[in-house]
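J.: If you're matching them up, the sequences are chains A and B in order. First residue of the first sequence? That's 23 in the numbering used here, and the numbers climb one at a time after it. First residue of the second sequence? That's 56 in the numbering used here, and the numbers climb one at a time after it.
Rather than coming from a laboratory, the hints here were simulated on the basis of the structure. Be a bit skeptical, because a hint or two may be false.
[What the hints assert, rightly or not] Partial pick of chain B residues on the chain A-facing surface, computed with a CB cut under 8 Å:
id	residue
1	R59
2	H63
3	E98
4	M100
5	E108
6	A121
7	M166
8	F172
9	G174
10	L181
11	S184
12	A215
13	A228
14	T295
15	N299
16	L302
[To be verified] Quick list of in silico lysine-lysine cross-link-like pairs, DSS-like style, CA-CA up to 27 Å:
id	chain 1	residue 1	chain 2	residue 2
17	B	K314	B	K270
18	A	K180	A	K205
19	B	K384	A	K217
20	B	K343	B	K145
21	A	K205	B	K395
22	A	K205	A	K173
23	B	K197	A	K217
24	B	K314	B	K58
25	A	K136	B	K258
26	B	K314	B	K145
27	B	K384	A	K205
28	B	K82	B	K258
29	B	K384	B	K58
30	B	K82	B	K452
31	A	K205	A	K248
32	B	K58	A	K193
33	A	K205	B	K145
34	A	K205	A	K217
35	A	K205	B	K338
36	B	K452	A	K72
37	A	K72	B	K58
38	B	K338	B	K270
39	B	K452	A	K173
40	A	K205	A	K193
Glycine included, C-beta positions come from ideal geometry on N, C-alpha and C.
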Amino acid sequence: MSQNNKPRVAFFDFTCCEGCQLTVVDSLQTHPELLDVIDIVQFREAMSEKSDDYQVAFIEGSCSRPADEERLKHIRERAAIVVALGTCAHLGGVNSLKSLHPLDEVREYVYGDKAEWYDTYDVRPISEVIPVDFAIPGCPIDRDEFVACVKALLLGTKPPIPDYPLCVECKLRENVCLFTRDKVCLGPITRAGCKAICPTYGQSCEGCRGYISNPNDTSMRAVLDKHGMSPEEIASIYTMFTARQARHLQEEKV
Amino acid sequence: MNKRIDIHHVTRVEGHGNIVVEVKDGKMTECRFDVVEAPRFFEAMLRGRPYLEASHITSRICGICATGHATTSLRASEAALDVELSEQTKLLRKLVFHGEILDSHILHAYMLVAPDFLGVGSVIPLATSHRDVVLRALRMKKLSGDLCAAISGRHTHPIAMTVGGFTHFPTAAELTALRQRLIDSRADVDATVELFASLSWPKFERDTEYISLYKPDEYAFIDGEIKSSDGATIPADRYTEVTNEYLVQHSSAKLTRHKRGSYMVGALARFNNNYEQLHPRAKAAAQKLGMQPKITNPYYNTAAQVVEIVHCTEDAIRLIDELLSRGVKPEEPAPARPKKDARGVGVCEVPRGLLIHCYEIQEDGSLSGADCIIPTNQNVANLEADMRSLVPQILDKPVEAMQLDLEMLVRAYDPCISCSVHVLKLD
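The whole structure should be built from the sequences, with the hints applied where relevant.
T.: Now the structure itself:
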């Protein structure tokens, strides 16, 4: 705690676009009162002040090279609570599309004969490197959900992350189901919490928040097949943000 | 006299970069800007994906210029697939693009650059010492974010933009409300010009080649030809003649060069190349800021962004007027025509400069090749050339003051380092 009894909070980023941290900055536009109840002591993207004395660490981004593991362990040793911020940290996110190709081939495609200069390995969520207390899903995170999670942490309760599918929220918004409009959608197996923002703006849910804990994978695939998707197209929609989760689902079946 | 500057992870920039300067016996022996961001391999990851996914995947290259990546990606697919856009789509694309330019420039000028001039480490202490300035910045940033959200759902990772058009349309009431807020924001925009005109920019001049898009009839942000201040205009699909990428070991970003050892892209390059096409109010702002093309002080990149804040505010009002007078109608995206071995190039001026996406798309609609060239990559060699020119001029200063001059120079370029490591395919 700081002398003023506010919890000391730090933000870190690994392999990512920093869009979740920008969403945090945006949340301070609409909820400036957050700064009255927490002390941000490290946030490289937004400030030069820096302290290694913090209780809560928000980590954005995936672990994608050996050097990242050391940094993650360093943060874990200092923080009482570690929160994975967004899909890259939580599940690997779009970065894990890399795992659909042989690693050496991917490196060579981008860096040619200089590939050995650049360290990289199969992308992993941070929970595969250090224990993670909570995850705020989404690509990017939802601003209101972030604020709700900070409030929960301040009250010492578990952040309110839903474990029901997106369709629930989509119905509450009275959207016309995309399946009735000749489109397909991953809403039936994707974790809610974004207020079904993509279907609301006319786009399919692409599963950026990851699957719920008991997804009905068999029915989902049957519905996609019924709507004319080829096995390749189904494999594609299942892997955009969740290539690692899709692989685990397949492994569970075997 | 020996000095060593080693700034590990420059703060208040997007992504991870280090400044390394070594002075021995009064002579500069080392001067580098190292890009140490983890490589991300987007080009390789795009292969095999359906073209309709490409703009959603590539917007994840960058949280700040997500709309810019999405637009450039869509233009590349649309060029490859012979998609003819409706007039309404073109207007909405320009409007949402202005929203992102405003959002990014306000963030950079107020929250990343201004603290240096006001002697603090971040915008947070300014909330107490300069409350009106911070509230103004937040107000302007909220408006630009709301403008993006009304059209594409959200600024970071836009939703409703798709190949051929949009999947959601703003209502006349939403556009009318935004128009009024933009008009009301002129007071904030004028105050922004006043504030930045009152700052004393570090004195440093180094002429370089300035590269930007160019259109004869408008200040180019989407599409156009590639223009060099050294006198050449190159069609966008021959971009490799301009970018000539190469690798150096201290950087996971690929570097570029054209006619000289390096070139500069971004707001200052656009200002220098396209001053004539600026809105009259933006030209008046430039005069207040003491700017006439060509400006060769890179610290003025932030001032050029302020000029663009004026331009984009005015042009956004004009675009909304045009949309309201035409009436916004929901329409299906324009048809795409996949064919054998299609190739398309998309070019945009995103907040940090020229962005290029080039895709190869197969008949089944899947991408077989991708190349993305990022503004920050194009600027890294020029930034290092500026550092090499600047360091001998400030050698007499204490190390901390040298360090601040160098950090401010890096920040002036507004680097987006996590973008820069999504480097490109080697041919």
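J.: Checking against the hints above, which ones are violated?
T.: 1, 2, 8, 9, 10, 11, 13, 14, 15, 18, 20, 22, 24, 25, 26, 29, 32, 35 and 39
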